[in-house]
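2 protein chains.
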Amino acid sequence: MKLDVVTIGNELVLGLTVDTNAAELGRALAAAGVEIARHTTVPDRPDDIRAAVAEALDRTGVVLTTGGLGPTRDDMTKQVVAELFGKPLVTDAGVLRALEARFKKLGRWPMPAVNRTQAEVPEGATVLPNPRGTAPGLWIEDGRGRVAILLPGVPREMRGLLVEEVLPRLVRRQGRGETGSRVVLSRVLRTTGVPESALAERVGPVEDEIAPLTLASLPSEAGVDLRLTAWALEPSAAERQLAAAAALLRERLEDHCYGEGDTDLAAVVLALLRARHRKLAVAESCTGGLIGARITAIPGASDTFLGGVVAYADDVKRATLGVPAEILEQHGAVSEPAVRAIAEGAQRMLGAECTIAVTGIAGPGGGTPEKPVGTVWIGARVGDEVRTVKRVFPGNRDEIRQRAAQAALDLLRRMLLRSS
Amino acid sequence: MKLDVVTIGNELVLGLTVDTNAAELGRALAAAGVEIARHTTVPDRPDDIRAAVAEALDRTGVVLTTGGLGPTRDDMTKQVVAELFGKPLVTDAGVLRALEARFKKLGRWPMPAVNRTQAEVPEGATVLPNPRGTAPGLWIEDGRGRVAILLPGVPREMRGLLVEEVLPRLVRRQGRGETGSRVVLSRVLRTTGVPESALAERVGPVEDEIAPLTLASLPSEAGVDLRLTAWALEPSAAERQLAAAAALLRERLEDHCYGEGDTDLAAVVLALLRARHRKLAVAESCTGGLIGARITAIPGASDTFLGGVVAYADDVKRATLGVPAEILEQHGAVSEPAVRAIAEGAQRMLGAECTIAVTGIAGPGGGTPEKPVGTVWIGARVGDEVRTVKRVFPGNRDEIRQRAAQAALDLLRRMLLRSS
Numbered sequence: 525m526k527l528d529v530v531t532i533g534n535e536l537v538l539g540l541t542v543d544t545n546a547a548e549l550g551r552a553l554a555a556a557g558v559e560i561a562r563h564t565t566v567p568d569r570p571d572d573i574r575a576a577v578a579e580a581l582d583r584t585g586v587v588l589t590t591g592g593l594g595p596t597r598d599d600m601t602k603q604v605v606a607e608l609f610g611k612p613l614v615t616d617a618g619v620l621r622a623l624e625a626r627f628k629k630l631g632r633w634p635m636p637a638v639n640r641t642q643a644e645v646p647e648g649a650t651v652l653p654n655p656r657g658t659a660p661g662l663w664i665e666d667g668r669g670r671v672a673i674l675l676p677g678v679p680r681e682m683r684g685l686l687v688e689e690v691l692p693r694l695v696r697r698q699g700r701g702e703t704g705s706r707v708v709l710s711r712v713l714r715t716t717g718v719p720e721s722a723l724a725e726r727v728g729p730v731e732d733e734i735a736p737l738t739l740a741s742l743p744s745e746a747g748v749d750l751r752l753t754a755w756a757l758e759p760s761a762a763e764r765q766l767a768a769a770a771a772l773l774r775e776r777l778e779d780h781c782y783g784e785g786d787t788d789l790a791a792v793v794l795a796l797l798r799a800r801h802r803k804l805a806v807a808e809s810c811t812g813g814l815i816g817a818r819i820t821a822i823p824g825a826s827d828t829f830l831g832g833v834v835a836y837a838d839d840v841k842r843a844t845l846g847v848p849a850e851i852l853e854q855h856g857a858v859s860e861p862a863v864r865a866i867a868e869g870a871q872r873m874l875g876a877e878c879t880i881a882v883t884g885i886a887g888p889g890g891g892t893p894e895k896p897v898g899t900v901w902i903g904a905r906v907g908d909e910v911r912t913v914k915r916v917f918p919g920n921r922d923e924i925r926q927r928a929a930q931a932a933l934d935l936l937r938r939m940l941l942r943s944s
Numbered sequence: 525m526k527l528d529v530v531t532i533g534n535e536l537v538l539g540l541t542v543d544t545n546a547a548e549l550g551r552a553l554a555a556a557g558v559e560i561a562r563h564t565t566v567p568d569r570p571d572d573i574r575a576a577v578a579e580a581l582d583r584t585g586v587v588l589t590t591g592g593l594g595p596t597r598d599d600m601t602k603q604v605v606a607e608l609f610g611k612p613l614v615t616d617a618g619v620l621r622a623l624e625a626r627f628k629k630l631g632r633w634p635m636p637a638v639n640r641t642q643a644e645v646p647e648g649a650t651v652l653p654n655p656r657g658t659a660p661g662l663w664i665e666d667g668r669g670r671v672a673i674l675l676p677g678v679p680r681e682m683r684g685l686l687v688e689e690v691l692p693r694l695v696r697r698q699g700r701g702e703t704g705s706r707v708v709l710s711r712v713l714r715t716t717g718v719p720e721s722a723l724a725e726r727v728g729p730v731e732d733e734i735a736p737l738t739l740a741s742l743p744s745e746a747g748v749d750l751r752l753t754a755w756a757l758e759p760s761a762a763e764r765q766l767a768a769a770a771a772l773l774r775e776r777l778e779d780h781c782y783g784e785g786d787t788d789l790a791a792v793v794l795a796l797l798r799a800r801h802r803k804l805a806v807a808e809s810c811t812g813g814l815i816g817a818r819i820t821a822i823p824g825a826s827d828t829f830l831g832g833v834v835a836y837a838d839d840v841k842r843a844t845l846g847v848p849a850e851i852l853e854q855h856g857a858v859s860e861p862a863v864r865a866i867a868e869g870a871q872r873m874l875g876a877e878c879t880i881a882v883t884g885i886a887g888p889g890g891g892t893p894e895k896p897v898g899t900v901w902i903g904a905r906v907g908d909e910v911r912t913v914k915r916v917f918p919g920n921r922d923e924i925r926q927r928a929a930q931a932a933l934d935l936l937r938r939m940l941l942r943s944s
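Protein sequence lines correspond, in order, to chains A and B. If you want our numbering, it's the 1-based position in the first sequence plus 524. If you want our numbering, it's the 1-based position in the second sequence plus 524.
Chain A with its partners taken away, still in its complex shape:
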């Protein structure tokens, strides 16, 4: 089953609001086996709404809209759709009672006249009750099988109506058709430390084997995610094919894959440490606390993570972590000897068997021809074993810091995989 989504609002086309409803609808509908053929965003102008909804109905016969159901003059969705379906607007007694009760409860009585329009619905429409707000959802259907589902734009109201009212109806509707239940399901394998093109060569040959599943690569500061998608299959077949494809990919990816879904590398590192009964401390310079923040974002981190030092100023590196002044003078704070001394200092100071250390130049200032912006030295210790790596990361300050944090966590992960 396919439908079109139309999100309505000046705020959206002007970019004053990020359209999170679109993503939320995409995920929920795909998981229920409903494919979004197209998503259109239009401003609050009746002509634009009319054109978008009419085209959507021509394309898939089913359109789901968000926005434009409020009580203000801008809110025209209901009027436009009623007109397209050739139905007059009539006051729904049940909706009016619910509205009045809501305003009484909130101590806003008498109800402003403008809100009475919210009780008007296209004749014959099914009202989808919205306990979270004043505008109910509407389900409008005609004899030709065309359906328009109108939801409010406020995310938590939209979400409530989607889950409680719309998805069950769509699933039932789908059950009546001949297509059987078909879903779009995805699985994401996360990799880091390997460039996208190198990854493409490694997994490219698998693409034909896994067809009709598709493979997409999604690069970010965290690495490259590989997304497998099963299109329009029965749920059990989709799960089975995804599992087989994921296993095949994991084989190809070896250690480069650190997890699935939205697993954070920090959680993977914590789990590896926990399994080995080792405690972790971090020492951060250019990342300034990012690694600690990511680790402590994981619930339960406290059984494994002791803490860290943000040694931003060289004085702190020297006085707190005991980095020898000679190293800072001769090699600079962004150097192999410095990162070694920082990792060792943190291990000593915080009493952890494992440490991560990062020192680098995140920019925009501070770069030199020998050490350009993006130069980062990363170190990790597991007991007495030390590894250090120099990287030169592309991007702006934020991206360099994100990449450095990720690379540092990954260095420790790879060491832990080889230790017991």
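Careful, some of the hints might be misleading.
Identical copies carry no separate label here, and so any pair may be met within one copy or between two of them.
Pairs of lysine-lysine residues, derived as BS3-like cross-links and limited to a Cα-Cα distance of at most 25 Å, are as follows [claimed, not checked]: (1) Lys914 - Lys895; (2) Lys628 - Lys895; (3) Lys628 - Lys914; (4) Lys629 - Lys895.
I should point out that these hints are in silico values taken from the structure, not numbers from a laboratory.
Put chain B on the given structure of chain A with help from the hints.
Same frame as chain A, but now just chain B:
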């Protein structure tokens, strides 16, 4: 001037990625006086891309696309648009050289064959150089005045090309037309530490005075932002009216407003410290590095920020920061005496005149009836002056941590405003 935006990607219709590019384009184009007539999102299927781009060209004559310019098989935008414009794809020598140079610089040589396709451009297209990635933007125009602007989907690449290449060209193009320039402009005042309803009472009376400008309140973990919007005015009138309204609002908001636009509170605190020639250190428990990460996200933080301690385990609070064991035993790590001792310890250890300290229960576990999840003690020192505050924040682990970091920075900000 109007244009259509088409964002392309399975991840968008499936909701696996939130389409932040759409909002970013909306804001930037509105500020440049260009109206988005419609925004369409389609999956990576050539037929869908073709239909959406063709319809967009029929509607406004100018289409801006994002996504589908990468080197993989999914990336079909260039091929489809070239076909719509009746132009063959030809290898652009300049793009090829830039690509090869990029791969050499990153030490990935020889360049994978698959990336060669990224040097292919529709014949006659203007190449928009993309120093941030491998896919250049493309500007394709035909004799009938139709324009297609193709940008990559990676947000930072899209943003760079938009600002540096696309907006200047659109503004020049607009200059040739006859329509007077009207823009939609916004200004955001940021507040924190005041509940939305209290803020509404404070600024409510201003709403009529500032009409036809509108005022929207946008709550988040950072506080409540107030957005003023001037709709469809000439640029100078919009600027003038926004400035007057912002001044009026700032008067009402007093100290509660800490900045404008996307100013981070951490940058405001750094500037206050810098003006007072004071250095900062932080000591974090439940925020785990978040505050340090936010402070060091600001370019140039190193002249003011010395560093910090993430004292996550109680052992670290005791051994590193010198928090007396009696305090931890009698009052617990989340207590007024503990946050005082943590702030003092950080000041002593890192040699900073000003410190921020945070200790709390971010959950989901660890709450008790006396100290429920969300309980956070915050402390700040400016020289010998100490202030401590207890807060109980709502929300999940992430939200509690974000709110705690913001409240801690705000405590120091308010102390600094009263010190010299």
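Evaluated hints:
| no. | hint | result |
| --- | --- | --- |
| 1 | Lys914 - Lys895 | within (11 Å within a copy, 45 Å between copies) |
| 2 | Lys628 - Lys895 | between (57 Å within a copy, 18 Å between copies) |
| 3 | Lys628 - Lys914 | between (55 Å within a copy, 17 Å between copies) |
| 4 | Lys629 - Lys895 | between (54 Å within a copy, 14 Å between copies) |
The structure fails none of the hints (numbered hints given earlier).
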